[in-house]
Amino acid sequence: MTPLDKPGAATGPRTDRPRRRRAGTGGRRGVPLPLLLPGLLALAFLLLPLLALLVRAPWRSLPDQLTSAEVWQALRLSLVTATAATAVSLVLGVPLAWLLARTEFPGRGLVRALVTLPLVLPPVVGGVALLLALGRNGVIGRWLDSWFGITLPFTTTGVVIAEAFVAMPFLVISVEGTLRAADPRYEEAATTLGASRFTAFRRVTLPLIAPGIAAGAVLAWARALGEFGATITFAGNFPGRTQTMPLAVYLALQNDPEAAIALSLVLLAVSIAVLAGLRDRWMTTTS
Amino acid sequence: MTTPHPTSPNDTDRHPQRRPQPQPQSEPPGLDAHLIVDRGAFHLDVTLTAGPGDVLALLGPNGAGKTTALRALAGLTPLTAGHLHLDGTPLTDTPPESRPVGVVFQDYLLFPHLSALDNVAFGPRCRGAGRAEARSRAAAWLDRMGLADHAGARPRSLSGGQAQRVALARALATGPRLLLLDEPLAALDARTRLEVRAQLRRHLAAFEAVSVLVTHDPLDAMVLADRLVVIEDGRVVQEGTPADIARHPRTDYIAQLVGLNLYRGQAAGHTVRLDAGPAITTTEVLSGPVFVAFPPSAVTLFRDRPSGASARNLWRCEVAGLETHGDQIRADLTGELPLAADLTTVAAAELDLHPGAPVWATVKATQTHAYPA
Amino acid sequence: MTRSVRRTRRMLKLAGAGAAALMALSACSSSSDAKKSGSSDASASPKLSGTVTVFAAASLKESFTTLGKEFEHEHPGTEVSFNFGGSDTLAASITGGAPADVFAAASPKTMKIVTDKGDATGAPATFVRNQLEIATLPGNPDEVASLKDLTKSGLKVVLCDKSVPCGAAAQKALDAAELKLTPVSYEQDVKAALNKVQLKEADAAVVYKTDVKAAGGKVEGVEFPESADAVNDYPIALLKDAPNAETAKAFIALVRSAKGQKVLSQAGFLKP
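Residue numbers (numbering that gives the first Met the number 0), protein chains in the order written: chain W, 0 to 286; chain P, 0 to 372; chain Y, 0 to 271.
Among these hints, one or two may not hold up.
[As the list claims (entries may be wrong)] As a list, the in silico EDC-like pairs of lysine to aspartate or glutamate whose alpha-carbon atoms are at most 16 Å apart: (1) Y:Lys111 x W:Asp255; (2) Y:Lys179 x Y:Asp148; (3) Y:Lys190 x Y:Glu225; (4) Y:Lys161 x Y:Asp174; (5) Y:Lys208 x Y:Glu245; (6) Y:Lys199 x Y:Glu219; (7) Y:Lys258 x Y:Asp115; (8) Y:Lys161 x W:Asp144; (9) Y:Lys108 x W:Glu69; (10) Y:Lys199 x W:Asp144; (11) Y:Lys46 x Y:Glu78; (12) Y:Lys151 x Y:Asp115; (13) Y:Lys161 x W:Asp255; (14) Y:Lys239 x Y:Glu78; (15) Y:Lys161 x Y:Asp148.
If you are wondering where the hints come from, they were derived from the structure by calculation, not from laboratory data. None of these values were measured; they are calculated from a predicted model.
Model the full assembly from the supplied sequences, consistent with the hints where possible.
Structural data, given as structure tokens:
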């Protein structure tokens, strides 16, 4: 890396402009076929099932389906719990990502691998694992129950825990990647100016990696919103308390596939609205 | 040249915490550092001292340990052994955020999300100043650097020279007793460099405490510093004023830096028997181990053995390489005596110089310079 | 001295194990012999071969796996391939065109999805019935004796969701008993409901007899009279596009035969 490549080393404000222009022309000029074709195929592959959902949607009965109070109850619960799970993931996950990216300790590689475990674990297994840990009879849950009278399964808190369990790894991995890419010497620079390591993190690193955190949070939120297996296993299914949209969709599928499609559409529409809104507001201004 | 090994029993700095705490008044103000850092195969052991107002330049090739030394002074790299005192205060075990040290990093590391003003105010804020006070102090510093108009600018939109000055203001705004500059001009293009070097020189001259700058550019070192410390392979190989070092290089690296041919040998009167082989005649009268140096421009080349010339200081060589050096051609010669010779383009053409061509090289005794090793 | 004693003891143990294995083998062969003679007159002339694909409700897993092995043994050259799952999911795959020969559903309602689409050949036949039972923690610490006891406050009860057969049946039984029960959760299937009791997260669940039986000692079953009002019929049908109809018919015959019924009743199913 030559010093000139690093941020803040620009030799003049002019350097930005030609770079942008180059990127612009490159986008229009000949896209290589070996990239274009698989890329379009990937897009089609991702969108086709969603398109099918739209095509087969029971448009005529849709208004009836959507006016049911249960749908809105499930949707509200989904949004609230997914947001809460994202908040939990942020508060706990960002520090974990920092520890993984910026400190040396024995077995760090192993810890990083363990953090990603909930990603590969089938969510239902994750739910069972949560029951074994935090259930009424679980390793920790039994103490929560006998000391504080707290039981987590079958509660809305349980939904948030299940969703955070599945969603937090996305955030940690994303933020850790951003932290690794970010220049740690900015923290050092802050330290030489009298900032403690925490102040350096809060006032320098955090703003620098904000786009990465936002991306990770969006990923985690989306994952939490669609969470099914861990939620139904750990928190059960009770309308208004633990029945989120994916659970409602799954159970509707049992005897009324049309209702299931209608519910899926609602979930899709809301997610697209939220994600598009966030992308406009957050991601573009910071990057 | 002997290097004190960190495990040598007579090194009292091995246990800095057991050292009697020196009285601030009894120690001379300024920098007194013995930096020992062991990192795998790399071993750094340098002693640096400087009084208030001094500008010290650490000069050395890449990987010599200059930056490690600077980081050790800032507290970013822990010392394996040794000590660091600043104005009589021991700082050996002080964390970087508590040291009265300001650092200008190689590529400045201005915080990209903060304006120039907030970058400069960052230090005072961290050291306890209120928001308004920190900002007014920062504004004063920017003003002093001639950047009052750019207070609200993000680092991205500053030119290299402006960014360099913001970085300097940021380092100075905390009122450090030691200012460290890592390759302060390396990130600048040649034109800006000239201008910024002059500005930096003024600012360093005005700074009342110790400045240490790291550079691999001899010109930067000579212009900016009062004293040079040349580091190679983690140890100090030569120390002195710029003029002294330019005239009396003691290693090939320094000789090359200042553009001299340098040889080691044994002197006996006017003749020095070089370790490299042949003898060389000098004007100085010396005895024992000496250095002999002469500039490439002092060398004259001939295609055929010059007739009538004395046999003294005449060597049979072969052209190993040629490169343009300003409006001159530098010939790299091997043979009896490896040396560098400068000649004009016309002369090079007349001599039909090309790699592999045999040449005779001669240098006048009056243009050589011998000094004790 | 001690070593030799130990060795002889080990040898005795080995001999014992060998004898047991031999006995088991002979028992196996004799029973399969009987079956072979029994089924040979049922499936007359055409020699059966190929793979028969059976889509069956998850609750049938243990008994159908046993029957599949029997079938392969009786008809060398055949292979029975199972796809166990929720009846609704299976029905959806069948109507979606999954290549299956036989569908065994846990409720007439799910079977109806298939027959309505015209995907079955002939009328489905009920081959077993399943009755509800209350699953409680081992030892029944909450002293649950009736369906009414489940409405006790503080008791954590899980039911199946009304959209799945066991939930619908439970609701039917509760309605018959004129009881109102608020569970902590409506589980997505009967195994999930049972699991909550097995993990001691719930105190009781209303599940099928077969599930209580399959769980072994991990839950305790409590029968209740209202379950008679909510007996679940399991229909089985040959599918219209069956790739291997002949072999499939023979498998259905085995399921409905006395031998098949014996295996199923061992799992807790009731005769139709």
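(message) Please verify whether lysine 199 of chain Y and aspartate 144 of chain W have alpha carbons no more than 16 Å apart.
(response) holds, 13 Å
(request) Could you grab the alpha-carbon distance between lysine 161 of chain Y and aspartate 174 of chain Y and see if it respects the 16 Å cut-off? (result) holds, 13 Å
(request) Take a quick look at whether lysine 151 of chain Y and aspartate 115 of chain Y sit within 16 Å of each other, Cα to Cα. (result) violated, 42 Å
(message) Given the hinted pair lysine 161 of chain Y and aspartate 148 of chain Y, is their Cα-Cα distance within 16 Å?
(response) violated, 21 Å
(request) Sort out whether glutamate 245 of chain Y lies within 16 Å of lysine 208 of chain Y, counting only the CA atoms. (result) violated, 33 Å
(message) Just to be careful, I want the Cα atoms of lysine 161 of chain Y and aspartate 255 of chain W compared with a cutoff of 16 Å; is the pair within it?
(response) holds, 12 Å
(request) With a cut-off of 16 Å on the C-alpha distance, tell me whether lysine 239 of chain Y and glutamate 78 of chain Y pass. (result) Distance of about 20 Å is beyond 16 Å: violated.
(message) Hint check: lysine 161 of chain Y vs aspartate 144 of chain W, CA-CA at most 16 Å. Holds or violated?
(response) It is violated: about 30 Å lies between the C-alpha atoms, which goes past 16 Å.
(message) Please verify whether lysine 199 of chain Y and glutamate 219 of chain Y have alpha carbons no more than 16 Å apart.
(response) holds, 12 Å
(request) Sort out whether aspartate 115 of chain Y lies within 16 Å of lysine 258 of chain Y, counting only the CA atoms. (result) Given pair lysine 258 of chain Y, aspartate 115 of chain Y is violated - Cα atoms ~31 Å apart, limit 16 Å.
(message) Tell me if the straight-line CA distance from lysine 108 of chain Y to glutamate 69 of chain W falls inside 16 Å.
(response) violated, 24 Å
(request) Please work out if lysine 46 of chain Y and glutamate 78 of chain Y have their alpha carbons no farther apart than 16 Å. (result) Holds: lysine 46 of chain Y and glutamate 78 of chain Y sit about 13 Å apart, inside 16 Å.
When held up to the earlier numbered hints, the structure conflicts with 3, 5, 7, 8, 9, 12, 14 and 15 and fits the remainder.
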